[in-house]
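Protein chains in written order, with our numbering: chain A, 48 to 195; chain B, 48 to 195.
Incorrect hints may have been included.
Identical chains blur together in the list; that is why a pair holds if it fits in one copy or across any two.
What the hints assert, rightly or not - Pairs of lysine-lysine residues, derived as DSS-like cross-links and limited to a Cα-Cα distance of at most 27 Å, are as follows:
1. K192 x K174
2. K102 x K174
3. K192 x K65
4. K89 x K121
5. K174 x K112
6. K174 x K65
7. K78 x K183
8. K192 x K137
9. K137 x K174
10. K112 x K192
11. K89 x K192
12. K112 x K65
13. K102 x K192
14. K89 x K137
15. K89 x K78
16. K121 x K78
17. K192 x K78
18. K102 x K183
Bear in mind the hints are in silico, worked out from the structure with no lab data behind them. Just so we're clear, the structure is a prediction, and the values are computed from it rather than from any experiment.
There are 2 protein chains.
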Amino acid sequence: MLRTPQPAPDARSAQLDKLQQTVANIKYDEKGLVPAVIVDAKTRQVLMVAYMNDKALLETVRTGKTHFWSRSRKQYWMKGETSGHVQEVKAVYIDCDMDTVVVEVSQHGAACHEGYRSCFYRRLNDKGEWEVVAEKVFDPESVYKKPT
Amino acid sequence: MLRTPQPAPDARSAQLDKLQQTVANIKYDEKGLVPAVIVDAKTRQVLMVAYMNDKALLETVRTGKTHFWSRSRKQYWMKGETSGHVQEVKAVYIDCDMDTVVVEVSQHGAACHEGYRSCFYRRLNDKGEWEVVAEKVFDPESVYKKPT
Numbered sequence: 048m049l050r051t052p053q054p055a056p057d058a059r060s061a062q063l064d065k066l067q068q069t070v071a072n073i074k075y076d077e078k079g080l081v082p083a084v085i086v087d088a089k090t091r092q093v094l095m096v097a098y099m100n101d102k103a104l105l106e107t108v109r110t111g112k113t114h115f116w117s118r119s120r121k122q123y124w125m126k127g128e129t130s131g132h133v134q135e136v137k138a139v140y141i142d143c144d145m146d147t148v149v150v151e152v153s154q155h156g157a158a159c160h161e162g163y164r165s166c167f168y169r170r171l172n173d174k175g176e177w178e179v180v181a182e183k184v185f186d187p188e189s190v191y192k193k194p195t
Numbered sequence: 048m049l050r051t052p053q054p055a056p057d058a059r060s061a062q063l064d065k066l067q068q069t070v071a072n073i074k075y076d077e078k079g080l081v082p083a084v085i086v087d088a089k090t091r092q093v094l095m096v097a098y099m100n101d102k103a104l105l106e107t108v109r110t111g112k113t114h115f116w117s118r119s120r121k122q123y124w125m126k127g128e129t130s131g132h133v134q135e136v137k138a139v140y141i142d143c144d145m146d147t148v149v150v151e152v153s154q155h156g157a158a159c160h161e162g163y164r165s166c167f168y169r170r171l172n173d174k175g176e177w178e179v180v181a182e183k184v185f186d187p188e189s190v191y192k193k194p195t
């Protein structure tokens, strides 16, 4: 990613300009968003899908931690800001249509707020029903406990 | 998936009813769509992301081949209908929010219409630019040649 090795200040500024231009050229939807598929860099498991606008993607690359735009809360959020389950960015890919990104990460803890490693913990079975096919790796109530 | 082993007609009808109900309960966006992340069942590589509505997802499960809704052409399409590069469905997953699906497939040929195995063939480099990091596996012009 951008941060290592650290270039000289002038070069860093030029890199940031280029990065801003690259991020601006992505084809965002009418709400200014693209889906971001977050993948475990080692196992390639799809961990979650969330949405980024240009600022969230720029912040993701600049800080090396995934940042998103919450469509329901209408605000930026960093994955792990409450749970500590941050995602260290290893690589960012763009698709042929320039309207979707894949981000490879090193996941601290687990991605799903329900306690599973991946948000995709249910598989369609032969009966036409969703079936849980993973085990919880943390207790959501203890991680996301409400302030008293 | 639903098709093997073949149940008796009554059981099959009950399965289809259940499947239709399961598919109807997904949280589609205001356009009736969910993003579908298509993943290689063996390598776990993310091949493409496209959009499904309820009918496309039902057709995907019923036929065992991925079907999508084209937002630009406003019509259903089966992956591979032109190129022959169909995707055999191995498993379908849903996320915690019930608004995104992951489909594991066996990919015939390649997923990207530009000739790459995956649509995500460009990675962000240290200069802040997209860099092609894959090799083409077919010639798009010969596969998608226009009728004469």
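Consistency of the hints with the structure:
{"no.": "1", "hint": "K192 x K174", "result": "neither (36 Å within a copy, 41 Å between copies)"}
{"no.": "2", "hint": "K102 x K174", "result": "between (43 Å within a copy, 18 Å between copies)"}
{"no.": "3", "hint": "K192 x K65", "result": "neither (41 Å within a copy, 36 Å between copies)"}
{"no.": "4", "hint": "K89 x K121", "result": "neither (32 Å within a copy, 37 Å between copies)"}
{"no.": "5", "hint": "K174 x K112", "result": "between (40 Å within a copy, 18 Å between copies)"}
{"no.": "6", "hint": "K174 x K65", "result": "between (51 Å within a copy, 7 Å between copies)"}
{"no.": "7", "hint": "K78 x K183", "result": "neither (34 Å within a copy, 33 Å between copies)"}
{"no.": "8", "hint": "K192 x K137", "result": "neither (30 Å within a copy, 38 Å between copies)"}
{"no.": "9", "hint": "K137 x K174", "result": "between (39 Å within a copy, 15 Å between copies)"}
{"no.": "10", "hint": "K112 x K192", "result": "within (23 Å within a copy, 43 Å between copies)"}
{"no.": "11", "hint": "K89 x K192", "result": "neither (30 Å within a copy, 38 Å between copies)"}
{"no.": "12", "hint": "K112 x K65", "result": "within (20 Å within a copy, 41 Å between copies)"}
{"no.": "13", "hint": "K102 x K192", "result": "neither (29 Å within a copy, 39 Å between copies)"}
{"no.": "14", "hint": "K89 x K137", "result": "both (10 Å within a copy, 22 Å between copies)"}
{"no.": "15", "hint": "K89 x K78", "result": "neither (32 Å within a copy, 35 Å between copies)"}
{"no.": "16", "hint": "K121 x K78", "result": "both (11 Å within a copy, 19 Å between copies)"}
{"no.": "17", "hint": "K192 x K78", "result": "neither (32 Å within a copy, 35 Å between copies)"}
{"no.": "18", "hint": "K102 x K183", "result": "neither (32 Å within a copy, 32 Å between copies)"}
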